[in-house]
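Enquirer: The chain contents come next:
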Amino acid sequence: DTEVTQTPKHLVMGMTNKKSLKCEQHMGHRAMYWYKQKAKKPPELMFVYSYEKLSINESVPSRFSPECPNSSLLNLHLHALQPEDSALYLCASSQESQGREAFFGQGTRLTVV
Amino acid sequence: GESVGLHLPTLSVQEGDNSIINCAYSNSASDYFIWYKQESGKGPQFIIDIRSNMDKRQGQRVTVLLNKTVKHLSLQIAATQPGDSAVYFCAEANQAGTALIFGKGTTLSVSS
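Chain order of the listed sequences is A and B.
Just so we're aligned: 12 in the numbering used here is position 10 of the first sequence, and the numbers increase by one with no gaps anywhere.
Just so we're aligned: 135 in the numbering used here is position 40 of the second sequence, and the numbers increase by one with no gaps anywhere.
Please note that a few of the clues may not be correct.
The calculated lysine-lysine pairs, modelled on PhoX-like cross-linking and capped at a C-alpha distance of 20 Å, are [unchecked claim]:
no.	chain 1	residue 1	chain 2	residue 2
1	A	K42	B	K132
2	A	K43	B	K163
3	A	K11	A	K21
4	B	K151	A	K43
5	B	K199	B	K166
6	B	K137	A	K11
7	A	K55	A	K11
8	B	K199	A	K43
9	B	K132	A	K24
10	A	K11	A	K42
11	A	K42	B	K199
12	A	K40	B	K132
13	B	K163	A	K40
14	B	K151	B	K163
15	A	K40	B	K166
16	B	K137	B	K166
17	A	K42	B	K163
18	B	K199	B	K137
19	B	K151	B	K166
Pulled a few chain B residues facing chain A out of the computed Cβ check, cut under 10 Å [stated by the list, open to error]:
no.	residue
20	V182
21	F184
22	T193
Hints in this document: simulated from the structure, not taken from any laboratory.
If you're wondering where the values come from, they're calculated on a predicted model, not measured in any experiment.
Note that beta-carbon positions come from the ideal geometry of N, C-alpha and C, so glycine has one too.
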């Protein structure tokens, strides 16, 4: 299994809603990542988890809250988002937290209304 | 600072041509580089990577060249096919070596 699975594929939420994005991998990877990608732009790093501990937070607003319940799962909890937070949210994993070959999921297309 | 960029935002080629996509990076200490392909509505897909102790690496129809002197990376695609149409990103490991930082991307369009 060389897949990173993200759910849901699409999400529309209001600015007062609370929702969660989910990511799962079964490759035994110990590093997991959240990236945000706006249209026609490169992915931007948000968070890095290494061995289930948060190792990098790229100054992401607190309305985004990551969680790593175990080595296979990564969540991104969303609360009080703004319309400008609408983007493709990508999850990735790699064998170790060494910035090496990362496998990406298909992303969650988030629209904040 | 760390940044990875591409020279051209778009590249149009005919089917069967060879394509060359370029990327410039600024961190001379970078020791790992990777190329991703991203098709519309999908996540980035690994193409090929290269470490800084190499200057060339070949895959199936793809070759990555690394010129550390001028901090330049290129992706060559042989016999380009319509299925190669996508956005191509180069990325490098960040300074701590803990994540990938992406360049701006080149949109490759292949006409048949």
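Enquirer: Does K21 (chain A) lie within 20 Å of K11 (chain A) when you go C-alpha to C-alpha?
Expert: holds (13 Å)
Enquirer: Take a quick look at whether K42 (chain A) and K163 (chain B) sit within 20 Å of each other, Cα to Cα.
Expert: The given pair, whose Cα atoms are some 28 Å apart, is violated under the 20 Å limit.
Enquirer: When you check the alpha-carbon spacing of K40 (chain A) and K166 (chain B), does it fall within 20 Å?
Expert: violated (27 Å)
Enquirer: Under the criterion that the straight-line Cα-Cα distance not exceed 20 Å, is the pair K137 (chain B), K166 (chain B) satisfied?
Expert: Violated, because 29 Å separates the two Cα atoms, which is more than 20 Å.
Enquirer: So if I understand the rule, the pair passes when the alpha-carbon distance is 20 Å or less; does K132 (chain B) with K24 (chain A) pass?
Expert: violated (23 Å)
Enquirer: Should the interface hint for V182 (chain B) be scored as holding, given a Cβ-Cβ cut-off of 10 Å against chain A?
Expert: holds (8 Å)
Enquirer: Given the hinted pair K199 (chain B) and K166 (chain B), is their Cα-Cα distance within 20 Å?
Expert: Judged against 20 Å, a Cα distance of about 16 Å means the pair holds.
Enquirer: Does K11 (chain A) lie within 20 Å of K137 (chain B) when you go C-alpha to C-alpha?
Expert: Within the cut-off at roughly 10 Å; holds.
Enquirer: Between K163 (chain B) and K40 (chain A), does the CA-CA distance stay at or below 20 Å?
Expert: Roughly 30 Å between the alpha carbons, so the hint for K163 (chain B) and K40 (chain A) is violated.
Enquirer: For the pair we were handed, K42 (chain A) and K199 (chain B), check the Cα-Cα distance against 20 Å.
Expert: Measuring from Cα to Cα gives roughly 9 Å; hence the hint holds.
Enquirer: Compare the distance between the alpha carbons of K40 (chain A) and K132 (chain B) with 20 Å, and conclude whether the hinted pair is satisfied.
Expert: Measuring from Cα to Cα gives roughly 16 Å; hence the hint holds.
Enquirer: Below or equal to 20 Å on CA atoms is what counts here, so check K11 (chain A) against K42 (chain A).
Expert: holds (19 Å)
Of the numbered hints given earlier, the model fails hints 2, 4, 7, 9, 13, 15, 16 and 17; all others are met.
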